[in-house]
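K.L.:
Once you've looked at the hints, go ahead and assemble the two chains, each given alone in its own frame, into the complex.
Chain residues, written in single-letter form:
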Amino acid sequence: MNIVVFIKQVPDVPNIRIDEQRMTIIREGVESIINPLDCVALQAALELREREGGRITVLSMGPPQSEEALREALAAGADKAILLTDSAFAGADTLATSHVLARAVSKLRPFPDLLLCGMQTIDSDTGHVGPQIAEELDLPQVCGVNEIHVDGDLLVLKRLSEGFLDTIRAPLPALLTVSKELCPVSDLSLGAVEAAFTQKDIIRWAAHDLGLHPDEVGLAGSATHVRKLRQPAARTGGRIVTGSPQSIVDALIRKLESMSILDEED
Amino acid sequence: MHLEPSMKQAVIRRTVRKFAEKRLAPAAIEMDRTGRFPWDIAKEMAGLQYFGLEIPAQYGGAGLDTISYAIVIEEISRVNAAMGLCVAVHNGVSASPVYVFGTEKQRELFLVPMAAGKKIGTFCLTEPNAGSDASSLETNAIREGNEYILNGNKVFVTNGGISGINLIFAGIQTGEKGKKFSVCIVESEREGLEKGPTEELMGMRGNPVCPIALHDCRIPLENLLGGEGEGLKIALTTLNGGRIGIAAQALGIAQGSFDVSIKYAKERNQFGRSISEFGAIKDFLADIATRIEAARLLIYRASDMKDKGLNHVRESAMAKVYASEVAVAAARMGVQIHGGYGYTKAYPIERFYRDAKVCEIYEGTSEVQRMVIAKSLLNE
Ligand SMILES: Cc1cc2nc3c(=O)[nH]c(=O)nc-3n(C[C@H](O)[C@H](O)[C@H](O)COP(=O)(O)OP(=O)(O)OC[C@H]3O[C@@H](n4cnc5c(N)ncnc54)[C@H](O)[C@@H]3O)c2cc1C
Ligand SMILES: Cc1cc2nc3c(=O)[nH]c(=O)nc-3n(C[C@H](O)[C@H](O)[C@H](O)COP(=O)(O)OP(=O)(O)OC[C@H]3O[C@@H](n4cnc5c(N)ncnc54)[C@H](O)[C@@H]3O)c2cc1C
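Taken in sequence, the protein lines are chains U and W. Every letter in the first sequence is one number past the one before it in this note's numbering, and letter 81, counting from 1, is 180. Every letter in the second sequence is one number past the one before it in this note's numbering, and letter 29, counting from 1, is 31.
Excised from the complex, chain W in its bound form (with noise of 0.2 Å):
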C-alpha cells in the first residue's frame, strides 16, 4: 500500500500551486465581487491544458491519473472555488464522458475542442421538477428525419454563461408514452437553445451558473452519446468521477479555509498573546486538520479504483460526502478563529464559507450521498 503521492503527483501539485497562487488567488475577489469570468486567465489555462486534464494527448489532453487530476482541482480551489468549479465540471462530467462514450468522430469534432479550451463544457441534468429525483426528467427529443427535435429546461447549468458545447439529458420519445433516457451534445450557437440569465448565487459567484431552454432545437443525429437509451449509464458513470471532483473541490475549500486560518491565528494577539496558544483555538485547528487528512485519503482511494478499473460507487459517493462537510465545517471554524474579521470582506474566509456550502448540493446532495452508501452496503 503506498500512501504516498508519486514524484510525478508532486510535481503535478506544485505545478499547479504555483500557477494558482500567482494567477487564480488574486482573481477570486474580483470574481466573487463581479460574478465576472476572467477569460484572460482562462485562455491561460487553456495553454497549459487544464481543460483536457485527463483527456489522452492524441486528444490534445494532459492525460492525467485520476488522483493527480483529484490534485489539480484541490489546488485551484484551494485558493478560487468557483473556477475549481468551472474545471472539475468542465473536465469531470461534460469532457470526460464525450471521451468515454463519444465515438472518434464525436471526440474529434467535440472533445478536441473541450481539452483545447476553446469550448467549455457543460452538464445539464437538472430541471424545474427533476432535482435529486432525476428520473422525473420533462426534457424530450422527438426524432425526425436525420435530426432529433429537443424541447425543455434546465436550470443550475454550472459554466452555462461561458459554455460552447452542453451535455442535454433528454429522453428520446418511442411511441406514445415510451420514452429512452439518453445525452444529447448541443452547442450553444445551436437554434432553439437559450441562456438564460446568471443565477445569483450565494457562492461560487465567480462561474456564471444559469437556465438553459431549448425550444425545437435541432440537432443531427450523430450529435447524440452513446446510443439512445443510455443516458442513465451515462449520467451514473459520469456522477461516479464527477464526484471525485467535487471531493476535491471541498478539500480544496477545506485545506484553503484552515490555511488562511492558522496563519491568522498565527498573528492575533489576544490577552497577551497569539491566540493560537488558546485550547478552543487548538481544538479547532486539530480537528480541521484531521478530517482534512482524512477526507484526502478518501478522494485518493477512490481516484485509485477509479483507475483501476474497480467499482468505486460506495467510494466516490464517501469522498464527496465526507470532504463536503469537512469542507464547510473547516470553513465555519475558519470564520470562528477570524472572530468578528471573518464576518468582513477584508478576510477570505467568508468567501470559503459561502464557496464551501453548495459541495453539500450539487452532484447528489449529502442526502442522495448517503443513500447511494447505505444502498450499496445493504445489498451486499
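Pulled out of the complex, with its shape left as it was, chain U reads as follows (with noise of 0.2 Å):
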C-alpha cells in the first residue's frame, strides 16, 4: 500500500501571535515543528506500511525552510519527501494550497492508495486542505478518523462524530484526515535523525515542474483575501462571585441589567 501523507511545518507556540500590519503570523525567534496532527497521520501510515508493505511520501508545501520538518519525518520513518517550494506559492489561501498539493500527486507514480491528513492545524486550523484535495483529485474523502483498518480492497474506519461512533466503508484510493486519538506518536530515535539529515534527500518541486502557471498557485490563485487581521483580544479572567444561592443571583441578576444585557422590567 503507497500512502502519502501531508505535513505542514507550523510555528510552536500555544498562542501565534500576528503582524497586524503585514497581516501575516511573526515567525521570528519561534521554533517550527510538524503540525502534531500530520505526526499521527504518519504514524498511522508506518503502522500501516508494517502491516500492509508499501512506501510512504512525505509532500509539504512551505518555504525553503519546510526541508527541516520533512527531514523529520524522514526521520521517523518515511521512505521519500518531496518539498513543493516556490516563491509563487508564497500568500496561498487552503484552496490554492490544496491545489499545488493535489498536483502533486497526480504526479506520483504509481497514484497512491492512500492520502493523509492531519484533520486540523494548530496554526490555521481551517481543516480544508484534506477535503479540498480530495475534491480536486475526486477521491472519497472521511474525516477524523481515529481508527483505520484495511480489508482487502476496502477501507473500514472509525470516527467519533457528536457523541456518535461511526464506522465507514470507504474504498481506496480514498484520502483520511485523522484526529489524534488514532495512535500515539513514538519517539524518534537520534541515529535515523543524524542519518536523515545526512543520507536522505529531498526532492524539490516548483511550481513550473508541476505544470502550474503562477497565475493558479500562491496569493494570485487564492480565492479568498485577508482584507483585515487582529490579534483577539486577551482574555481577561471572570470574577468569581460568592456568597448565598440568593445573593449570588441577585448581584448576576444586578450585573446583567449594569450591562443592558436584561431589562429591568421583566
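Keep in mind that a hint or two might mislead.
Pair ranges (Cβ atoms, derived) [to be verified]:
id: 1; chain 1: U; residue 1: 298; chain 2: W; residue 2: 23; range: 27 to 33 Å
id: 2; chain 1: W; residue 1: 268; chain 2: U; residue 2: 267; range: 44 to 50 Å
id: 3; chain 1: U; residue 1: 299; chain 2: W; residue 2: 311; range: 25 to 31 Å
id: 4; chain 1: U; residue 1: 324; chain 2: W; residue 2: 268; range: 38 to 44 Å
id: 5; chain 1: W; residue 1: 285; chain 2: U; residue 2: 346; range: 45 to 51 Å
id: 6; chain 1: W; residue 1: 282; chain 2: U; residue 2: 343; range: 43 to 49 Å
Here are some chain U residues pointing at chain W (derived, C-beta under 7 Å) [as the list claims (entries may be wrong)]:
id: 7; residue: 171
id: 8; residue: 286
id: 9; residue: 287
id: 10; residue: 288
id: 11; residue: 289
id: 12; residue: 290
id: 13; residue: 296
Calculated directly from the structure, the hints in this document are not laboratory data. Here a beta-carbon is modelled for each residue, glycine too, at the ideal position from N, C-alpha and C.
P.N.:
Take a look at the structure:
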C-alpha cells in the first residue's frame, strides 16, 4: 500500500502572534515543528506499512526551511520526501494550497492508494486542505478518523461524531484526515535523525515542475483575500461571585441589568 | 563563522527535549528520593540510541557530531541531571575510548553491547589516594601467561551500581619497581570484581556511584585497551572529550535552574506585584541568562574544535570550569528567586542546587581545570 502523508510546518507556540500591519504570522524567534496531527498521520502510515507493505511519501508545501519538517518525517521512517517550494506559492489560501498539493499527488507514479492529512493545523486551523485535495482529485474522503483497518481493497474506519461512533467503509484510493485519538506518536531515535540529515535526499518541485501557471498558485491563485487581521483581545479572567445562592443570583441579575443584557422591568 | 545550530542540531534538541520532558522529568524526583535507577526508562533510551551517541552506525550508535552530543547531554540534564551524568559518563568516557583505542575485536565484543545500552560503562580512575593526582594510582596488574591479574580499589565510580563494562586504570608491573600505566576492560561479572555500597551523595542521587574493588581479578590479555603504558594518553584524550560532556551537563543544570526560576518569578506576587518586576530579580535573571549563553558558546567552540581534530585541551577545560561554575551560580540564584519555597522539596530548584555542585569537582576540579588552562597559556 503506497501512502502519501501531507506535512505542514507550523510555529510551535500555544498562541501564535500576528503582525497586524503585514497580516502575517510572526515567525521570528519561534521554533517550527511538524503540525502535531500530521505526526499522528505519519505514525498511522508507518503502522500500515508495517502490516501492508508499500512506501510512504511525505509532501509539504512551504518555504525552503520546511525541509526541516520533511527531514524529521524521514527520521520517523518515511521513504521519500518532496518539498513543494516556489516563491510563487507564497500567500496561498487553503484552496491554492490544496491545488498545489493535489497536483503534486497526481504526478506520483504509481498513484498512491491512501492519502493522509491531519484533521486541522494548530496555526490556521481551517481543516480545509484535506477535503479540498480529495475534491480536486475526485477521491472519497473521510475526516477525523480515529481507527483505520484495511480489509482487502476496502478501508474500515471509525470516527467520533457528535457523540456517535461512526463505522465507515470506503474504497481505495481515498483521502483521510486523522484525529489525535488514532495512535500515539513514537519517539525518534537519534541515529535516525542523524541519517535523515546526512544520508537522505529531499526532492524539490517548483510551480513549473508541476505544470502550474503562476496565476493558479499562491496569492494570485487564492479565492480568499485577507482584508484585516487583528489579535483577539486577551481574555481577562472572570470574576468569581461568592455568597449564598440568593445573594449570588441577585448579584448576577444586577450585573446583567447594568450591562443592559436583562431589562429591569422583566 | 556560524553561531547558529544547524537544522539537524535543532531537530536533535527538540527530539531530546520532548523525550526528556515526557519521561525523564517526571522520574527525576523519585530518582533523587530513592536513589533507584530507572531501568525501564534506560531501556527505552537504549532503543532510541542514547547509549551510542557518538558511536558510528556500524557499531549500532547514532553517529552524532560533538555539538549534537553536547545538546543531548544538556537537554537530559536540564530536567534530570542524574540521568545526564549516566549518559555523559557512559558515552563520553567509557564507550568513546573503547571506540577510539579499541581493536576491531574489542569494538565487536564491548562497544556493540555498550552502544546498544545492554552494557553500561564506567571510567575508573580515582582511588582513595589518587584523586586530582592520578599519578599516584595504586591499582596494579601483573601479567601471568595469557592473563593480567588486577588488584586495587577504585572509588566514586559513576554508573558503578549498574555497570556491565568497566575501564580500570592500573599500573602493569614491569620488573621490580617499574609500572606501565594502562587501561583494562573488566566486565562486571568477572570473578574478583566487587562493587561496594552506593555512596550517599548530596546530589546526583539517581546515579548509583560506588566503589569497585579488585582482588586477584583475572582478565585475558585481549582486554587491555590500547597498549601497555598507553593509560596516560587514553586518560588525557578521554578526559578532554569528557569535559565537554560534563560542561554540557552543567549547562543543562543551569538552563533548567533558569527555566524554573523565571517561571516562578513571573508567578509569584509580593507587594502587589510580580516579583519579576523588582530590579533585584531582574538582575538575577539577566545575569544568569548571560552566563548561560557564554557557557553554551564555550562548549560549542570546544566541541567544534574536537570535531575538526584540533587540539582543544584549553577550550574543553575553559568550557568545563566556566559551565560548572555557572551551574552552581544559576542554581544558587534560582533558590534565592524562589525564596523560602526554594529551600523546600516542593520545587525542583533545591535539587538543581545539590546536583550542580559536583560539576565543579568531578572529571578534574575547578582548581585543576585552571591549572590546565594556565599551563597551556604559559607554555605558549
Ligand atoms: C495570517 C494568515 C491569514 C490567512 N488567511 C486565509 C484566508 O483568508 N483564507 C484562507 O483560505 N486561508 C487563509 N490562511 C490559511 C493559509 O492559507 C493556510 O496556512 C494554508 O492554506 C493551510 O491551511 P490550514 O493551515 O488551515 O490547514 P488545514 O486545512 O487545517 O490542514 C489540514 C491538513 O492539511 C495538510 N496541509 C495543510 N497545509 C499544508 C501544506 N502547506 N503542505 C502540506 N500539507 C498541508 C496537513 O496534513 C494538515 O494537517 C491564512 C493564514 C495565515 C497565517
Ligand atoms: C559524584 C561523583 C562521581 C564521580 N565519578 C567518578 C568516576 O566515574 N570516575 C572517576 O575516576 N572518578 C570519579 N569521581 C571522582 C572525582 O573525579 C574526584 O573526586 C576528583 O577528581 C577530585 O579528587 P579527590 O576527591 O581525591 O580530591 P583531592 O584531589 O583530594 O582534592 C581536594 C581539594 O584539593 C584541591 N587540589 C588538589 N590538588 C591541587 C593542586 N595541585 N592545586 C590546587 N588545588 C588542588 C582540589 O581542587 C580540591 O579542592 C567522582 C566524584 C564524585 C563526587
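K.L.:
Decide, hint by hint, whether the structure agrees.
P.N.:
Outcome of the hint check:
Taking 27 to 33 Å as the suggested C-beta distance range, the pair residue 298/U and residue 23/W conforms, at roughly 28 Å. Distance hint check: the CB atoms of residue 268/W and residue 267/U are about 47 Å apart, consistent with the given range 44 to 50 Å. The supplied range of 25 to 31 Å is met by residue 299/U and residue 311/W, whose beta-carbon atoms lie about 26 Å from each other. Distance hint check: the CB atoms of residue 324/U and residue 268/W are about 39 Å apart, consistent with the given range 38 to 44 Å.
Between residue 285/W and residue 346/U the CB atoms are about 47 Å apart, so this pair conforms to the stated range of 45 to 51 Å. The hinted window of 43 to 49 Å between residue 282/W and residue 343/U holds, with their beta carbons roughly 45 Å apart. For residue 171/U, the interface hint holds, since its Cβ comes within 7 Å of a Cβ in chain W; the closest pair sits about 6 Å apart. With a least beta-carbon distance of about 5 Å to chain W, the hint placing residue 286/U at the interface is held under the 7 Å criterion.
Using the Cβ-Cβ criterion of 7 Å, the hint placing residue 287/U at the interface with chain W is satisfied: the shortest such distance is roughly 5 Å. For residue 288/U, the interface hint holds, since its Cβ comes within 7 Å of a Cβ in chain W; the closest pair sits about 5 Å apart. Interface restraint check: residue 289/U against chain W, minimum CB-CB distance 4 Å, threshold 7 Å, status holds. Interface restraint check: residue 290/U against chain W, minimum CB-CB distance 4 Å, threshold 7 Å, status holds.
Checking residue 296/U against chain W: minimum C-beta separation of about 4 Å stays under 7 Å; hint holds.
Hint compliance for this structure: every hint is met.
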